[in-house]
Every structure is written in C-alpha cells, then in structure tokens.
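Asks: Fit chain B to the given chain A structure using the hints.
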Amino acid sequence: MNPIQQWAWLSGRRAWTLLVSVRSIVALPLLALAIPGAAWGLSDPRTALPAEIPLDTPMHILFVTSLFVLLTATLTSVLYAWDGISRDRASGVLEVRLGRAMSRRRQTAVLLGAHLTAAVVPVLVLSCIAVMIVQQRTGVWPAFADVAVFLTSTALVVTWYTVIALLASSYARDQGTAIAMGVGVWFLFTMLWLLITSVLAGLAGIEAGTQDPSWVQFEALLDLASPNGVYHHLLELRLPDVDRGVRAPAILGAAVAWTVVPTWVLLRRMERLVP
Amino acid sequence: MNVDLLLRLEGVTHRHLVPDPDHRLRRRAGPGIHDVGLDLLRGEILGLVGRNGSGKTTLLRTLAGVLEVQAGVVLDGEGAAMDAAQRRQRVGHMPEQVRWQGRATPRSTLMELAVMDGGRLDLIDGVMRLVGIHERSNDMLDSLSQGMRQRLTLATAMLASPDVLLLDEPYNGLDPSAARSLTRVLQRLAQRGVTVVVSSHHLGHLSGLVDRLVLLERGRIVAEGSAESLADTIGLDRPWVTVVEGQRPSEDAVALGDGLWEMTGPRLDADLLTSIGTAEVLSHGRRDIDLADLLDAVVARGEEE
Chain A
2 MNPIQQWAWL SGRRAWTLLV SVRSIVALPL LALAIPGAAW GLSDPRTALP AEIPLDTPMH
62 ILFVTSLFVL LTATLTSVLY AWDGISRDRA SGVLEVRLGR AMSRRRQTAV LLGAHLTAAV
122 VPVLVLSCIA VMIVQQRTGV WPAFADVAVF LTSTALVVTW YTVIALLASS YARDQGTAIA
182 MGVGVWFLFT MLWLLITSVL AGLAGIEAGT QDPSWVQFEA LLDLASPNGV YHHLLELRLP
242 DVDRGVRAPA ILGAAVAWTV VPTWVLLRRM ERLVP
Chain B
845 MNVDLLLRLE GVTHRHLVPD PDHRLRRRAG PGIHDVGLDL LRGEILGLVG RNGSGKTTLL
905 RTLAGVLEVQ AGVVLDGEGA AMDAAQRRQR VGHMPEQVRW QGRATPRSTL MELAVMDGGR
965 LDLIDGVMRL VGIHERSNDM LDSLSQGMRQ RLTLATAMLA SPDVLLLDEP YNGLDPSAAR
1025 SLTRVLQRLA QRGVTVVVSS HHLGHLSGLV DRLVLLERGR IVAEGSAESL ADTIGLDRPW
1085 VTVVEGQRPS EDAVALGDGL WEMTGPRLDA DLLTSIGTAE VLSHGRRDID LADLLDAVVA
1145 RGEEE
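Protein chains in written order, with the working numbering: chain A, 2 to 276; chain B, 845 to 1149.
Only chain B is shown next, with the shape it has when bound in the complex:
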C-alpha cells in the first residue's frame, strides 16, 4: 500500500445523456469519460490538460461527487470504495466560471456554504485572506469583478479544508498578479499535504507548478507524466534551439537583435559547432513544449491508430 496514495480511480466511467437522433423522446449515452484509471498522491499538484470536450470537467465533477460514477470505482488511500457523499466530504471543487450575482456578500455566501459543509464558520476569514477577497468581503456580489468572483469560487472550494482540491480552469479571468498569487497559494497548500488537481488549456500556467500532467483525449487518459515525458511518449517533434552571439552562423538563423541569432535544428555536435564558426553559444536546449503541439500530436496519433 502506497502511504502517499489519497485517491485511486479504477475504470471510472461517466457518460452524459444526450438526445437520441433516432428516437425523439429518448436519450442515449454520449460523450464523457471512459475507463479512467488515476492515482492521486498526497501533496502533489496534478495538471489536467486536453482539448475542449476532452472530458476534463466531467472527470473533475465525477471526482467531486457532483456526477455519479456509472462504472468503475473510486478508492480511498486504504483501498475502500468511496461513494459520492464520501468524496464530497474530502474534496473541494472549484467549477469553471461561476457568475456570482445578487445582493448577498462574499462573506454571507461563504457562511451559507460553510453551514452546508457542517458549520465551520471559523474558517471563513482565513480562507478569504488566503484568496485575497477579504477587503471586498462585505460588498454585494453584483459589484464584484470577474477576477474577484473567481477568487470567491476558489474560496468556496477551500472552505471545508479538503484533502483534495479540484480546480477547473482557475486562471480564467485572473490578472497576471492574481494568477501568480494563486500559483503561490496552490504551492503552499500542496506543501501542507493538500492534493491539487488543476485543469487548464494553458500549459504556461501549469509549467513550474505541476508535478505531473495528465493528458485527456475523448474522455480517456492518453498519457501522464512530466511535460517532457509526455512529449517523448507521444513522439512530439521537439527540435533543439541554439542562441548564439556574433556573426550570422547560417542562412537559416533568425535574427533576435543585438547580434543574437536563433538556430533551430539538431542537438549541438562537432559539425554544428564548426558551422557556427566564431559566434559564441549563449544557450542550447530543446524547444519549450507547447500544449497545442502536444494536443495536435495526440490527435494525429489517435487518427493513425
């Protein structure tokens, strides 16, 4: 038994019901997540990436106990099956883009949700400070900006001190400063042993934050690991990028200004060094992984199969 294991998904499936084109009044199983197997370890930050409709939100909602597990099982660290109610006790869920509205205030909204969680009202002030909404705690919801609403949604997820925090596109609507402070908060929570699962379309937000990426495509996990290992698993073409200073090293080199040149090609070897001539090599490394490239490679591989 892995002592750090917090939750294990085995063959978890949830398919949404969609209108059946052949029978007007009937519905049939449509897209969703299929046969998902995943381990969540204590204190890790896991990035969930995939295209629109790949099943990220469905997976998060299923984990959060909002959607039922139609097939498969979710196990706790001891190996005991967890139903939706048990998952809701341990998981904090931040849905994507909640449009808080009305004359209630963030404080009163959090009070209501805290009572629904069992009445830990003493946590409200701390959570509001943590997400940076305490100065607006008594303003009307109608007056909050999108960024403040996003922070409030984050606060609702953190309210019950969950073991697992599920965040669906948490960076949407946040300014760069707020995004950076969110990253810091998530890192701090992970250090305290909270497992964080973040879904995002933007790998940039996840790089440097996540310990592991999980790539979803058509409701299935197609790869997991670090961004580099994902790229290698999928066979993503990642050429080496060399930045040199001095004379233009070759016809293909791209000028960066101030006498700097960027060359894209193979790994640095004796032949390449010879071709560079007198220019000084400033950096040499593989091109950063772009999520769009990664997803395109997954789709291309799926079509080939």
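So here's chain A without its partners, still in its complex pose:
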C-alpha cells in the first residue's frame, strides 16, 4: 500500500466504525430532522419568520436552514470526536498505536480523515437533500454558487468543530474531562457567544441588540472569532441584501485561520503527546 491508500484504508475503516456506532443512532436522526426538516418547513410559502427575516429566495431559505445545521451538525461532530483521542489514551490503545512504524503526523491525518468523513459525509448528504427539497417546494433551483457556498461552508464548520473537539480530547486524561471539554466548546460558540459579544459590547460602550450600525459592526467583527460566526459570514457573502461591514477577504482569511490554526495545533500536539 502506498501512503495515500494506507491513509484511505485506515480512515475509511475508522469512519465506518463511527458511523455504525451507537452514537450515530442519536446523531443521524437529529441531523435528518434538523437539516432536510428545516428546509422543508422554511420552503413552505406560508411560513413567516419573526423580525421580518426574509425567505424570498432559495439562498435565504438555505441561510435560515443553516441555523439548524449549526445546532445539530456541530453537535454531531463533537459527539463523534470528543473521545477520539482520550478513549484510546485511557484504554492504553493509544500507546500501541503510537508505537507503530507509521509516523505520528500520518496517524493524525488518519484520525482527522476518519472523524471528518464520519461527521461531514452525512451532513453533506442531508444538505444536498435539503437543497433538493427547497427546489421541489419553491420550484426554483438555487444558483450553483449558492449551493457551492452552502455546502462548502457547512463542511468547513463541521471540520472546525471536529478538529477543536479532537484537540480538546488530546488534552483530556479521562472521559469525564473529555466530554466536558467537547460539550463546553460547543456550548461556548453555539449558546454563549452572543452573551459574550453583548458583554464586550457593553464594556466598549456600545448598546447591544439594536439596529445601531456600531453594534452590528461590532457583532460582525467578533463573529470572526467564532466558528459559527464565520460560517454565517461565509453564507452572507451570497446574500446581497446583507452587509454587516466586514469585507470578504477578512471573512475568507478567518475561514482559513479557523481551518489551519487548530489543525496545526493538533498536529503539534500529537507529535508531543505522551500516552
């Protein structure tokens, strides 16, 4: 086997183990309900959202569907990855693996490949189904660029959470700490981020939660420091009626940073990991 075949074989095998595990029985129905389910409900012409959130175009529907993606797809990636390293470490299997001829860098690539495959593939399949549902219900295909941005951004946000959860798992020495760190990270960015933004805005003398441009821009800037925020920024690139004052290069730069920096830290961490 050449290194690519070796990586594909090992990643695929471990991904399959995750996909047929008990945790998939929890995760996959949640994803199925949230992503195609949201697309189905939101593409109903009678649906009206509060705060006059528009559902005029397929991309608007996909944008609002992304809220449900954030709630469930990110949770799924944490569900798969929270014990990706800590479990093997606690059982002693990590020491067996780290003692193999395969380098730690390539073992990390296998770990990432397995967890990303397990988390991203179902989310992308269900996201494609959501796009088809939107087309069926509205009679309009979303633009190719809209679909591409929606799918790419969704894959990216799942990737970010997977890498962060694996990183947290590498620091945890027991399963309790591992799950606390995994869920804690998810809770921070999914539930608490708005609170943090509001507190920081208050400290900066900006009134939170208004239509004031200074608050909108402050929130948009702080969103670059959150994977969920960057995800929404990426989607907003395809919504011409939304402008929160952050330019596309900054958004793309943040997306690259959220992809590269945690992955690099994980690689460095794995190089030095003591079983």
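Since the hints were derived computationally from the structure, they do not count as laboratory data.
Keep in mind the model is a prediction, meaning the values are calculated, not measured.
Every residue gets a Cβ at the ideal spot worked out from N, C-alpha and C, and that includes glycine.
Certain hints may be false.
Stated by the list, open to error - Covered stretches of chain B, going by a simulated chain A footprint (3 or more residues, C-beta under 8 Å):
id: 1; stretch: 925-935
id: 2; stretch: 938-948
id: 3; stretch: 954-960
id: 4; stretch: 1060-1066
What the hints assert, rightly or not - Sample of chain A residues with no beta-carbon within 10 Å of chain B, all distances over it, derived:
id: 5; residue: 48
id: 6; residue: 55
id: 7; residue: 56
id: 8; residue: 91
id: 9; residue: 99
id: 10; residue: 191
id: 11; residue: 213
id: 12; residue: 255
id: 13; residue: 276
Replies: Okay, now just chain B, sitting in the frame of chain A:
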C-alpha cells in the same frame, strides 16, 4: 565492534513533565530515566526489574520510540544514531494492561495495526497462532477475557517481526498455563535471534527465562547481571539452606514434615556436619533470591550513600 550488539543506549534521559508546585501554570522536569547506558545483544532475554516508579515503563517507552530521547543517544549495531521513527521500525512494544474494547475483533484490530506498519497482512494468522488467540480471532473485543486481551497486546508487539521485543509486565492477567506458554514463545523467539526485554515485578517469572537482569532504581540502572551476581554486587545477605532427613539436627531447625528439617546458616563445613550428627543431608545451597529482598537492599544502599 560487537557483532551481536543490536542496540546501545548511551546516557539516555527522559524526564516526565509534572506540575510545578511554585508556578501553577508551569511544568517542570520530574521523574523518569537518567543517564541510562545499556547494550542489547541479539537473541538475549533481558529482565528489567525495579520497584513501582523506578522507570521501567519509561525506559521501555523510550526504547520503543513512543517517548523522545531528551539527552543521550540510541545507537544501532553499526554505531549509527537512531531516531524515534527508526526505533519504531525495529522494535515491537507491548504496553502494560491494554483494555481492548469495542465491537472490532482481534483479527480486524491486527489488520489495522499491520497496515499502520506497512501492510504485512500475511503475518496475522501466524502471530495469532503463536500467542494462542486464533480460536477467538473473530470474537468481539468486548467479549475477551483479560488474559486474551493480554495475548492480543502481545500479538500487536510481534506483528511487524521486530528485532527487539519490549514487554511491559507481560505476565499480568495470564493464568499459569498461559504464562508458561508465553515463556516458551519468548525462548523460541530468542533462539531465532529476537532480543526480548521483559519488565516484571515478579522475579519468579523471570528466573530461568532471562540471560541478564537489569535493576532500575529512581530512573537509573544500579546493577546488571545474573540474579546471583546482582545479589553479590548489592551485598544481599543470602544464607545457606540445608535440608536434612533424620533426627532434629539443632534447636533452630525448622520441621518440614516427614522427618525433614531445614537449617539456615553458614555454608556446610566440618563443624556444621558434626552438629548435624546422624541426619542425612539432602540438599545444601544458598537461599533463592527474592526480588523484594533485592530491591530492599538497593534502597538501603541508596539511603546509606
């Protein structure tokens, strides 16, 4: 150059990082192994003994390329320095007490590890037969007993046909029959030229198996050689034990039953023979070396120094 030399450790040090009590967020170098020098010869079985925390596992992990060499060097038989990746190519490592779990099987687990080693899938059946797990090869890991899990861990170490096999407490969890078959397997491997390093708390498992013992204390090698030479080096008090049959030879003799008596004292000489009287001497030799006595003697000597 010694043609039988396989690996040489020169001044090898690895110290674990531990929390610094003076600085909450910092860590400092803690216990580990210090300045270890050791030659591993082809086909020898080496016993690594020491108390808990003496550095046995750290030494094995460092040799296995799992922990980095922070100071010193590991050389191959040609005298070339080996990095961790090169050590992992040549060394098979069996960690202590791996709790294999999940719905995978021993066969699939070994397949995965074989692919990580470069894909020698043809070795799997032979290794499973060698360690005696072939009849359970398709059972779920969750259903394996501790002894079977131990055998699986041993199989993972042997999978890549290593030149050096490092076994950390391999006898833990094995029943006497499995322990005996493990001893036979290790002897067979040594005959084929594989160097075996076995760490154990129990000298009983190592006696008759190892060619050489290495005694670790506080991360340093304090003595090496045969059990007898270690005891002599350390100055372990080993009285002579005489077993006689017949009349009770002295007040100090301990009854063994069936008219047998055991006397502990000096080596047999004319005076002792006279004191025994009419009883017949059945055996006479120095008391077996007990690892606990050996370790206590090392600790006592360290404290004196």
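Asks: Quick check for students: does the CB of residue 213 of chain A sit more than 10 Å from each CB in chain B?
Replies: At about 39 Å from chain B, residue 213 of chain A clears the 10 Å cut-off, so the statement holds.
Asks: Decide, holds or violated, for the assertion that all CB atoms of chain B are farther than 10 Å from the CB of residue 276 of chain A.
Replies: Violated: least Cβ distance 6 Å, not greater than 10 Å.
Asks: At 10 Å, judged by beta carbons, does residue 48 of chain A keep clear of chain B as stated?
Replies: 43 Å, holds
Asks: Looking at residue 255 of chain A again, its CB stays over 10 Å from all of chain B?
Replies: 28 Å, holds
Asks: Checking a non-interface call: every C-beta of chain B should be farther than 10 Å from the C-beta of residue 91 of chain A. Is that right?
Replies: 8 Å, violated
Asks: Checking the smallest CB distance to chain B, is residue 55 of chain A really beyond 10 Å?
Replies: Consistent with the label, residue 55 of chain A stays out of reach of chain B, its closest Cβ about 48 Å off (over 10 Å).
Asks: Do three or more residues from the stretch 938-948 of chain B put their C-beta atoms closer than 8 Å to C-beta atoms of chain A?
Replies: Three-residue rule met by the stretch 938-948 of chain B, so holds; n is 10.
Asks: Quick check for students: does the CB of residue 99 of chain A sit more than 10 Å from each CB in chain B?
Replies: The assertion about residue 99 of chain A is violated, with a minimum of 5 Å to chain B.
Asks: Could you check that no beta carbon of chain B comes within 10 Å of the beta carbon of residue 56 of chain A?
Replies: 44 Å, holds
Asks: Counting residues of the stretch 954-960 of chain B whose CB is closer than 8 Å to a CB in chain A, do you get three or more?
Replies: holds (count 4)
Asks: Count the residues of the stretch 1060-1066 of chain B whose CB lies closer than 8 Å to any CB of chain A, then report whether that count reaches three.
Replies: violated (count 0)
Asks: Decide, holds or violated, for the assertion that all CB atoms of chain B are farther than 10 Å from the CB of residue 191 of chain A.
Replies: 28 Å, holds
This entry does not satisfy hints 4, 8, 9, 13, going by the numbered hints stated previously.
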